[in-house]
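A.B. asks: This is what each chain is made of:
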Amino acid sequence: MREMTVSELLKNGPKVINIGVEQFYEDLKSQEVPVVQLDWRPPAVNSELLSKLRRLRGGGKS
Amino acid sequence: MLLQRIHVEKGAYYDSVTLMLVARELQSMEGIEEASLNMATEANLKILAAAGFGVSDIQAGQSDLLIAVRGDGSVLEAAIERARELLKNPPGRKSTPGEYRPKSLDGALSMLPEANMALISIAGRYAGDEADKCLDAGLHVMLYSDNVPIEKEISLKNKAKEKGLLVMGPDCGTAVIRGVGLGFANACPTGPVGLVAAAGTGLQEVHVQLARRGVGVLHAIGTGGRDVKEEVGGITFSMGSEALLCDEEIRVVVLIGKPPAPSVEERILRILEGGKKPAAVGFIGGKASGDKPPLYLCRELEETAAVAAALANGKDPSSAREELFKSYERLKEKAAPMKRKGFIRGLYSGGTLCYEAQLIATGLIGSVYSNAPLASEMKLADSLKSRGHTMVDYGEDEFTQGRLHPMMDSTFRAERLLSESQDPDVGVILFDCVLGYGCHPNPAGQMAEAVEKARKKAGGRIAYVAYVCGVDADPQGATEQRKILEEAGVTVCDSNAEAARLACYIVG
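Order-wise, the sequence lines are chains F and P. Per our numbering, the first sequence starts with residue 1, numbered consecutively. Per our numbering, the second sequence starts with residue 1, numbered consecutively.
It should be emphasised that the hints constitute simulated quantities derived from the structure, not laboratory data. Accuracy of the hints is not assured; some may be wrong.
[Unchecked claim] Residues from chain P that face chain F, not an exhaustive set, calculated with beta carbons under 8 angstroms:
hint : residue
1    : A115
2    : E130
3    : L139
4    : G181
5    : L364
6    : I365
7    : S367
[Claimed, not checked] Using C-beta positions, here's what the derived DEER-type ranges look like:
hint : chain 1 : residue 1 : chain 2 : residue 2 : range
8    : P       : K456      : F       : P43       : 50 to 56 angstroms
9    : F       : D39       : P       : E480      : 32 to 38 angstroms
10   : F       : Q31       : P       : I58       : 37 to 43 angstroms
11   : F       : Q31       : P       : S367      : 27 to 33 angstroms
12   : F       : P34       : P       : R330      : 45 to 51 angstroms
13   : F       : Q31       : P       : S155      : 29 to 35 angstroms
14   : F       : D39       : P       : G290      : 51 to 57 angstroms
15   : P       : V8        : F       : D39       : 43 to 49 angstroms
16   : F       : S7        : P       : F412      : 38 to 44 angstroms
17   : P       : P441      : F       : D39       : 22 to 28 angstroms
Keep in mind it's a predicted model, so treat the numbers as computed, not measured. Backbone N, C-alpha and C define an ideal beta-carbon position, used for all residues, glycine too.
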């Protein structure tokens with residue numbers, strides 16, 4: 001189970017997925033922190049529209 | 001004759017820092033007068049139109065990139081090609097070429113299964129949804145992004161609380177977890193102090209001032225400024241405070257921020273009163289002050305650090321406070337040979353530093369105009385035009401849309417310094433240079449260059465006062481940065497509170 005409490009985060013230190021500004025990824029690497037840079041792209045359609053489409057596809061089931 | 005071109009790169013997303021760095025490279029090309037790279041959002045199209053680019057025929061959506069260049073017609077094509085080249089391997093990227101970048105959160109988690117936190121700094125309109133996904137995956141979240149609606153902040157924080165997870169932000173620029181700096185953070189030593197802060201540069205200032213006093217910080221939990229508003233109810237602030245009280249390695253707790261909503265302040269203070277650890281409470285500009293153990297109430301950032309350092313070292317906090325305020329009195333002697341006539345113009349990259357400087361100056365020399373004023377009647381009609389004593393926060397949204405944050409690039413602020421020096425009513429120019437991870441490699445150099453130019457034009461009419469918020473272990477090196485400013489004729493102070501006071505005594 002990945003979920004860990006705030007106390008566990010403070011005890012173990014951060015292991016980070018960086019989503020966005022590349023510099024923060026570089027800074028974490030320079031501090032020898034385990035970090036992965038996500039190659040993030042904006043979604044093609046907005047999430048509200050996507051969930052509406054999903055609902056339609058699910059035949060009214062939400 | 002100058003020509004212009006806008007090239008649309010379909011479906012190409014890059015973060016704002018990369019786009020700024022590439023634009024800066026293009027601007028240094030011979031024959032190029034102006035260059036900008038922006039995602040084709042409505043706001044960015046408006047900015048381009050205001051800059052004189054013809055955008056009416058542009059067929060692009062917010063997932064497309066616009067490369068806009070103006071200059072000598074013969075180099076425009078080459079500049080666009082150069083931009084496309086640079087985007088393949090952006091300037092400043094030190095990573096190994098070919099390093100694999102997962103395209104989804106699941107992919108990232110399979111690469112780093114032990115991940116426990118996400119640092120999110122994408123555009124605000126997407127950041128909330130990404131944070132939601134990260135919470136679903138069981139990750140704590142630091143949301144650097146701003147422009148996330150408050151309703152989204154509330155729902156994220158409630159969801160996180162149920163799961164026992166922390167959401168730092170939105171608009172959380174700085175945090176430290178187990179000595180690791182996240183976002184804009186200083187490379188200070190670790191030690192027995194834990195911070196919770198609703199103020200980014202407020203956190204940095206207290207972190208640095210503790211380091212100056214030989215006291216380290218193990219954790220500094222950022223909450224984002226809105227966390228202490230009534231609507232959000234201090235969810236992250238309370239969770240952070242509770243976690244620090246439970247943490248066996250933390251001996252002293254420090255809280256920093258502008259004064260919270262009364263109900264939130266009461267809730268937070270009750271948590272600390274119930275704890276067994278002394279706490280320095282720095283709600284800057286708040287009405288409460290004095291020592292009510294285990295709470296020690298402070299009104300300024302350096303004061304909070306001095307009190308916390310005394311508590312960590314087993315010394316008397318009230319004498320530490322007295323000592324500090326006596327040292328501020330001695331600044332009057334320092335100011336005597338520097339006396340000038342006229343107004344103070346403060347140019348800040350740190351929002352909390354600007355706020356604290358306004359509080360101090362208002363107490364000593366009267367009201368201060370600002371784009372982020374203490375009272376609404378002191379708001380500048382035009383942030384680019386000073387009047388009377390003025391202090392400008394260059395980190396406000398109006399200055400960061402389409403530009404890098406001033407902690408990442410002071411070009412725009414340095415230009416303002418030069419124009420302020422032309423105003424015959426100005427006696428002191430006051431500014432900060434914030435160091436640390438994520439910040440510009442040489443902010444003092446950028447500002448010093450402007451000071452040198454200003455001194456050539458204005459002679460000795462103006463005194464220049466600055467504060468360097470940083471430590472020697474920061475990538476920029478605090479001593480080195482101070483030296484650059486001092487060589488340019490700037491008087492550099494040891495804290496933000498000191499710099500603001502010195503400026504006031506010079507004109508007062």
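A.B. asks: Is the gap between the beta carbons of F:Q31 and P:I58 within 37 to 43 angstroms?
C.D. replies: 42 angstroms, holds
A.B. asks: Could one say that the CB atoms of F:S7 and P:F412 fall in the range 38 to 44 angstroms?
C.D. replies: Roughly 42 angstroms apart at Cβ, these two residues keep to the hinted range, so it holds.
A.B. asks: Taking the least C-beta to C-beta distance, is P:S367 closer than 8 angstroms to chain F?
C.D. replies: Result: violated, 37 angstroms to nearest chain F Cβ.
A.B. asks: Check the following: the C-beta atoms of F:D39 and P:G290 are separated by a distance inside 51 to 57 angstroms.
C.D. replies: At 53 angstroms between Cβs, range holds.
A.B. asks: Quick check on the hint: P:A115 CB to chain F CB, less than 8 angstroms?
C.D. replies: Since the shortest Cβ distance to chain F is 5 angstroms, the answer is holds.
A.B. asks: For P:K456 and F:P43, compare the CB-CB distance with the range 50 to 56 angstroms and indicate the outcome.
C.D. replies: Roughly 52 angstroms apart at Cβ, these two residues keep to the hinted range, so it holds.
A.B. asks: In this structure, is the beta-carbon distance linking F:D39 and P:E480 contained in 32 to 38 angstroms?
C.D. replies: 35 angstroms, holds
A.B. asks: Can the hint on P:G181 be confirmed by a CB-to-CB distance to chain F that is less than 8 angstroms?
C.D. replies: 7 angstroms, holds
A.B. asks: Can you verify the interface hint for P:L364: is its Cβ closer than 8 angstroms to any Cβ in chain F?
C.D. replies: 38 angstroms, violated
A.B. asks: Confirm or reject the claim that F:Q31 and P:S367 have a C-beta distance inside 27 to 33 angstroms.
C.D. replies: 43 angstroms, violated
A.B. asks: Does the closest beta carbon of chain F sit nearer than 8 angstroms to the beta carbon of P:L139?
C.D. replies: 7 angstroms, holds
A.B. asks: Verify the interface restraint on P:I365: the C-beta must sit less than 8 angstroms from at least one C-beta of chain F.
C.D. replies: P:I365 check fails; min Cβ-Cβ to chain F is 38 angstroms, beyond 8 angstroms.
The structure does not agree with the numbered hints 5, 6, 7, 11 and 15 stated previously, though it agrees with the rest.
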